[in-house]
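Model the placement of chain A on the given structure of chain V, informed by the hints.
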Amino acid sequence: MNRRTLLTTAALALSLGAPAFAESHEPVTAGFIYVGPIGDGGWTYEHDKGRLAVEAEYGDKVKTIYQESVPEGADAERAITQMALSGADIIFTTSFGYMDPTIAVAEKFPDVKFEHATGYKRADNVSIYSARFYEGRAIQGHIAGKMTKSNKIGYIASFPIPEVIRGINSAYLHAKKVNPDVEFSIVWAYTWFDPAKEADAARALIENGADVILQHTDSTAPQAAAQEAGNVITFGQASDMGEYAPLPRVSSIIDDWAPYYIQQVGKVMDGTWESTDTWDGIGPGMVGIGEISDAVPADVKEEALAMKDAIAAGEYHPFTGPINKQDGSVWLADGETAADGDLLGMDFYVEGLTGEIPN
Amino acid sequence: MDLTSINPVLLVASIMVSATPILLAALGEMVVEKSGVLNLGVEGMMITGAVVGFAVAINSGSPLLGFAAAALASAVLSLSFGVLTQYLLSNQVATGLGLTLVGLGLSSLIGKPYEGMKATTLPKLDIPMLSDIPVLGRMLFSHDIMVYFSLALVAGVWAFLKYTRAGLILRAVGESHDSAHALGYKVVRVRMLAIFFGGACAGLGGAYLSLVRVPQWTEGMTAGAGWIALAIVVFASWRAGRVLIGAYLFGGVTVLQLNLQAAGADVPVALLSASPYLITILVLVIISARGAHGAPASLGRAFHASH
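Protein chains in written order, with the numbering used here: chain V, 1 to 359; chain A, 1 to 307.
Honestly, the hints are just simulated from the structure, not real lab data.
Check the hints yourself; a few may be wrong.
[Claimed, not checked] List of simulated lysine-lysine pairs, BS3-like, C-alpha gap at most 25 Å:
| # | chain 1 | residue 1 | chain 2 | residue 2 |
| --- | --- | --- | --- | --- |
| 1 | A | Lys118 | V | Lys63 |
| 2 | A | Lys112 | V | Lys49 |
| 3 | V | Lys152 | V | Lys325 |
| 4 | V | Lys146 | V | Lys176 |
| 5 | A | Lys186 | V | Lys49 |
Pulled out of the complex, with its shape left as it was, chain V reads as follows:
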């Protein structure tokens, strides 16, 4: 058999197989596009736990597919298109940088439902969802401000997008509130996932005097670097990262996507899915606070948990005035809380942070 016959046979098998599959559309197919590998121990790991929860919930009635390490940008459009072509009924695109590609592909596949995480562009078949990570950042900021001895807190930021800036502002405001001398050093890594670079960034911050490292990148590498350095505390990002507890990791923000994924896939199954905008926090359980370890003094732990309860109950908003912008102009008056619109488009630092946001 020469190569051409082999190819023809393969093509024939494919063309025979495909329509048969499309007609027997029984199990609903849910697709997931991931920005990192599922073994990153952070962001993508939690999304994949959500996917597995969907499988566990619906069993044979659902089929899930996923693609890992899809670069943000042009290649994402190809990956999402591929997934739509392969018969997915609903596709979750799980990183900010997939926003425009998701909208573009959604136009071409009006019958497929799309769910984009952390973005702000919607369409009839595109829902958006995100979690109020800044609520967790407020608690981190409080613990960090109380525990730092050098008064220098290092922050590994990924990309200058509103979600990341919100986290920096929220952590800073709450660290400053309990420790007026606190300073933030912010390093922009320009990546979501690059363990070597994340470790280098953590090391650079520690060598420059930081004794608390907050991260908004996806891997556990900064935790490993902090552990090696000693006398540095960190917080798990997106996932519990409990393997680094009790030190350096003293607490964490855990993204719990499972209930949302189960609900949305369920809606596709019974035909009630429609385009929605979801932004949930600690209250509904989309944002979890990982166990605060014994390395944190008991009174600080108590205060942190009290803040968590107040946020969950809706009694306290992490962005409550008076808050000025970095240039000194008034953003929120005394007692005023931030509107969601302001938060979603946040592109400024609050007063006291140094440096400029890159654009």
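Same frame as chain V, now just chain A:
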């Protein structure tokens, strides 16, 4: 701007740690390319080395054994590339890319049980006498053994290619495999040995990532380091000394820009972030602009004795 918080001693130490993985991988790939073979599988071999090195170090408790196992595993993996391209004459570019994919997949499979575990890292050698020199001692003479090994390897490869008969044969094979064959040299055997060496070096580089630089195993942790190594070989115009310059420059500027950011330097962050790529390419291009140093003439071409 206050840059006094940057400690030059720690900075230089970090730079050496940051540069070593790409230095090892690039050096190995340079030898492979000198023999006329283009192996684009560096990323795959590095990550295989990273996971095997980590796993063996965990199970044996010895990081050095981890490095040895990493070198061996990646070298054996690279032999699959060698067999396909040298004996079965498959396309080198496609096979190399395939090797990267295999390496990434294989490593995440092997690495599953090791996620979140901690291995013992390499001890820092405090070289007697030298490490007691103020400042310079801490800066240059108290690193782990792999840093010195990688530097010695640069010198070794340079001397091998320049002064030994075997090095001359390797270069001859890379420049014109037909002539080398006509002279009676075993082209395929030489290339297989070069590929094996390149695989071992990439494995060491990967293990350095998972055992020293990060230090932990995370799926996909090389995150493109293999491609940087490939680029450095080209810009270094296939010379060992320049590979060293390129790797240290790239590692150095990467760490330096992070330190500048951490210290709050008043430089646009976007520029800082792009600087490792820009500066490394610029400097290496300027160095090689003086004089013609092209690629080995037979680079990437398949050889069969019947031609």
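Hints, one by one, checked against the model:
With a CA separation close to 35 Å, the supplied pair A:Lys118 and V:Lys63 exceeds the 25 Å bound. For a cut-off of 25 Å, the pair hint linking A:Lys112 to V:Lys49 stands: about 15 Å separates their Cα positions. The hinted pair formed by V:Lys152 and V:Lys325 meets the criterion: a straight-line CA distance of about 21 Å does not exceed 25 Å. Restraint check: the Cα-Cα separation between V:Lys146 and V:Lys176 comes to about 9 Å, which is no more than 25 Å; the hinted pair holds.
Taken as a hint, the A:Lys186 and V:Lys49 pair is broken in the structure, with Cα atoms around 53 Å apart against an allowance of 25 Å.
When the structure is compared with the earlier hints, violations turn up for hints 1 and 5 and for no others.
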